[in-house]
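Trainee: Residues per chain, in single letters:
There are 2 protein chains.
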Amino acid sequence: MYKGASDNLIATYVPAGRQDASEPMSKHAPKSSDEFEYIKWLRSELPPSGPNLEVGPGDDCAILRVETDKLALKIDSVIEGKHFMLYEKGVRRPAVLGPSATPEEIGRKAVTRCLSDLAAMGATPVSCMVAVTLHTGAPVKLREELFLGISKTCATYGLSLAGGDTQSWDGPLSITVSMIGAMNGVRPALRAGAAPGDVIAITGSLGGSILGKHLRFEPRIAEGRFLAERGVSAMIDISDGLSGDITRICEESGLRFKVGADIAAEAVPVSKSARRLAKLESQGAERALHHALHDGEDFELLFIVRPNRWKQIVKEWPFDVPIRALGMMRPLKKDEPLVRILKKGEPEALEVLSWVHQL
Amino acid sequence: MYKGASDNLIATYVPAGRQDASEPMSKHAPKSSDEFEYIKWLRSELPPSGPNLEVGPGDDCAILRVETDKLALKIDSVIEGKHFMLYEKGVRRPAVLGPSATPEEIGRKAVTRCLSDLAAMGATPVSCMVAVTLHTGAPVKLREELFLGISKTCATYGLSLAGGDTQSWDGPLSITVSMIGAMNGVRPALRAGAAPGDVIAITGSLGGSILGKHLRFEPRIAEGRFLAERGVSAMIDISDGLSGDITRICEESGLRFKVGADIAAEAVPVSKSARRLAKLESQGAERALHHALHDGEDFELLFIVRPNRWKQIVKEWPFDVPIRALGMMRPLKKDEPLVRILKKGEPEALEVLSWVHQL
Chain A
1 MYKGASDNLI ATYVPAGRQD ASEPMSKHAP KSSDEFEYIK WLRSELPPSG
51 PNLEVGPGDD CAILRVETDK LALKIDSVIE GKHFMLYEKG VRRPAVLGPS
101 ATPEEIGRKA VTRCLSDLAA MGATPVSCMV AVTLHTGAPV KLREELFLGI
151 SKTCATYGLS LAGGDTQSWD GPLSITVSMI GAMNGVRPAL RAGAAPGDVI
201 AITGSLGGSI LGKHLRFEPR IAEGRFLAER GVSAMIDISD GLSGDITRIC
251 EESGLRFKVG ADIAAEAVPV SKSARRLAKL ESQGAERALH HALHDGEDFE
301 LLFIVRPNRW KQIVKEWPFD VPIRALGMMR PLKKDEPLVR ILKKGEPEAL
351 EVLSWVHQL
Chain B
1 MYKGASDNLI ATYVPAGRQD ASEPMSKHAP KSSDEFEYIK WLRSELPPSG
51 PNLEVGPGDD CAILRVETDK LALKIDSVIE GKHFMLYEKG VRRPAVLGPS
101 ATPEEIGRKA VTRCLSDLAA MGATPVSCMV AVTLHTGAPV KLREELFLGI
151 SKTCATYGLS LAGGDTQSWD GPLSITVSMI GAMNGVRPAL RAGAAPGDVI
201 AITGSLGGSI LGKHLRFEPR IAEGRFLAER GVSAMIDISD GLSGDITRIC
251 EESGLRFKVG ADIAAEAVPV SKSARRLAKL ESQGAERALH HALHDGEDFE
301 LLFIVRPNRW KQIVKEWPFD VPIRALGMMR PLKKDEPLVR ILKKGEPEAL
351 EVLSWVHQL
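Chain order of the listed sequences is A and B.
For what it's worth, the numbering used here labels the leading residue of the first sequence as 1, then goes sequentially.
For what it's worth, the numbering used here labels the leading residue of the second sequence as 1, then goes sequentially.
Worth flagging that the hints you see were computed from the coordinates, not collected in a lab.
Yeah, the Cβ is synthetic: ideal placement off N, Cα and C, and Gly gets one too.
Check each hint, because a few of them may be wrong.
What the hints assert, rightly or not - Computed beta-carbon distance windows for the label pairs:
| hint | chain 1 | residue 1 | chain 2 | residue 2 | range |
| --- | --- | --- | --- | --- | --- |
| 1 | B | 255 | A | 155 | 23 to 29 Å |
| 2 | A | 140 | B | 257 | 29 to 35 Å |
| 3 | B | 139 | A | 155 | 40 to 46 Å |
| 4 | A | 93 | B | 336 | 53 to 59 Å |
| 5 | A | 324 | B | 256 | 55 to 61 Å |
| 6 | B | 336 | A | 141 | 35 to 41 Å |
| 7 | A | 141 | B | 91 | 35 to 41 Å |
| 8 | A | 41 | B | 256 | 46 to 52 Å |
| 9 | B | 307 | A | 185 | 47 to 53 Å |
| 10 | A | 41 | B | 136 | 31 to 37 Å |
| 11 | B | 89 | A | 255 | 41 to 47 Å |
| 12 | A | 255 | B | 136 | 50 to 56 Å |
| 13 | B | 336 | A | 184 | 50 to 56 Å |
| 14 | A | 152 | B | 346 | 36 to 42 Å |
Said to hold, decoys possible - A few chain B residues that don't get close to chain A, going by computed Cβ distances all over 10 Å:
| hint | residue |
| --- | --- |
| 15 | 47 |
| 16 | 74 |
| 17 | 180 |
| 18 | 222 |
One chain only, chain A, in its complex shape (with noise of 0.2 Å):
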């Protein structure tokens, strides 16, 4: 058991004689550093809010006014040290590792991660809250820089910032971020729904997304609404690696019926970070596909799609990021692998080397 905070006492006490005491456990003067008059300052630097955000941070509860009949919800956290490594001034980093990250990075990844997840249902983002736990002292500027990311990024998106709570802790940094979304009539894009003859095909491109993507990438939030809206039969973002989250695309879909995955390996799209991270590695382009197919946070769409509707989609697409069709779902027969790739047209099983979370 982490014994670090078990000597502070609780928020509930008061000890005796606290109020004329000057010991430097005293919580009770509003000083610069204290709860509200950090809450003062970042209510001056909230994005702005829209007409949908009747009572904005500040009082018991924020009041959204929402004219959907369906909301999608995610909650997410990143955590010091697993989905991000804070800057820290003359600290080199192995290469390998990718660039460590400013608190305004920090802050701006809380919240797209999140978007990522109402992307790939469909989703309008409307409005978050982040509930942020410093480490106790924490210099001001690390904690103005993270809330102006998550400001700035809530403004680009469209989103308000509905509600916070900042805590301190003798522990690590972390933000939590929960959001709202509309789906505005359209259907959800759920991971269920994978069909045998489906296409199985993703936007942008998959690897190493830890020399710097994973920091910086763009959330496909009107690519996603776009799929939505044409109906696609699954879709995912790729938060763990494709070799996972094809995985779960047909252990969802295989309810019913069992489905099976086919990759071709040709047709991964690996992106040029997969390529140099395999030449920092010092090994080629067998290691950069490895990178692609079961790296994590690339935070592309992987959707899977009737044949006729694909078609439809590639012919409409409008957008910058480019989509591929990778392979084929088929029906699942006993004893196979749940996902097969295929190299030069020979079926192999591609186990899940992707991010699989220890408790």
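Place chain B on chain A using the hints.
Mentor: Coordinates of chain B only, in the frame set by chain A:
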């Protein structure tokens, strides 16, 4: 800066050769402790979701049907060492620090804190999402009991559990809950709105919550709804302490016309716990009053209401928990203290000694 986690790799990097290695860092094989196994278990233990949750946990987002025009939104974190001390076998705690918490109590508190904020707006609970960050290697029993605490509390209060996120790290236990309530046509009870001549009133009694109530309090949902329906001028839940929370009402209500509050010392409902805590500190009634005025986490409703409505509310009050008038709002004159306490009719400034978070 906290350094504890900085040796870990971040989520996106899969070192070369990891797939065939048996090193202890391996995150490949779904074991009983991996996130997906845990999620499967969680999904099997979810509270009844009701017809509103079209898509529950497990997809990119949850999909919630809404029939109200206004939602109340809240996010809040409880963190180890600040909002609870985790129960440890064999560890004896000083009596004035109250009991440590079981994982189930922690889960309950994380949800009921948000419920209390919804109550203070007059909102009806609809749905919530929960992000948990555990210490790496936390016992399965801990996270299961924690989740059961969350799940049972959701079931008790009619909340669907729409989604979650579970992480682990080299840090303390943290639970963030985001919650959605429906206003269903009732005007939200804000912190702003208190006017001179309004009655200051409260549910229940105050002080000494550290002796146990902060883990087991009853969020005043039906009471808050009843009060909001009857048009209170302002309402807040007592989370930081009466002195601080009435100050916030005065500040928020005083944006146009400055208002202050007078509280009669003899009218403050001092709880049994406040008296017991004073006794544990070898002090008397004055100290018990101090606890009632300044302790946090009683989660009673502090509400401000016009005198004629107050009379009506007293007449119609259908709940077990008592309500009591504490004092009155007044016009704030120059150089007058914002909040005064009247002891035998003599006003003196009431200092804010309640909880102020330091960051």
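Trainee: Next step is simple, just say for each hint if it's right about the structure.
Mentor: Here is what the structure says about each hint:
no., hint, result
1, B:255 with A:155: 23 to 29 Å, "holds, 25 Å"
2, A:140 with B:257: 29 to 35 Å, "holds, 34 Å"
3, B:139 with A:155: 40 to 46 Å, "holds, 43 Å"
4, A:93 with B:336: 53 to 59 Å, "holds, 57 Å"
5, A:324 with B:256: 55 to 61 Å, "holds, 59 Å"
6, B:336 with A:141: 35 to 41 Å, "holds, 38 Å"
7, A:141 with B:91: 35 to 41 Å, "holds, 38 Å"
8, A:41 with B:256: 46 to 52 Å, "violated, 23 Å"
9, B:307 with A:185: 47 to 53 Å, "holds, 48 Å"
10, A:41 with B:136: 31 to 37 Å, "holds, 34 Å"
11, B:89 with A:255: 41 to 47 Å, "holds, 42 Å"
12, A:255 with B:136: 50 to 56 Å, "violated, 32 Å"
13, B:336 with A:184: 50 to 56 Å, "holds, 51 Å"
14, A:152 with B:346: 36 to 42 Å, "violated, 52 Å"
15, 47, "holds, 16 Å"
16, 74, "violated, 5 Å"
17, 180, "violated, 7 Å"
18, 222, "holds, 16 Å"
Hint compliance for this structure: hints 8, 12, 14, 16, 17 are not met, and every other hint is.
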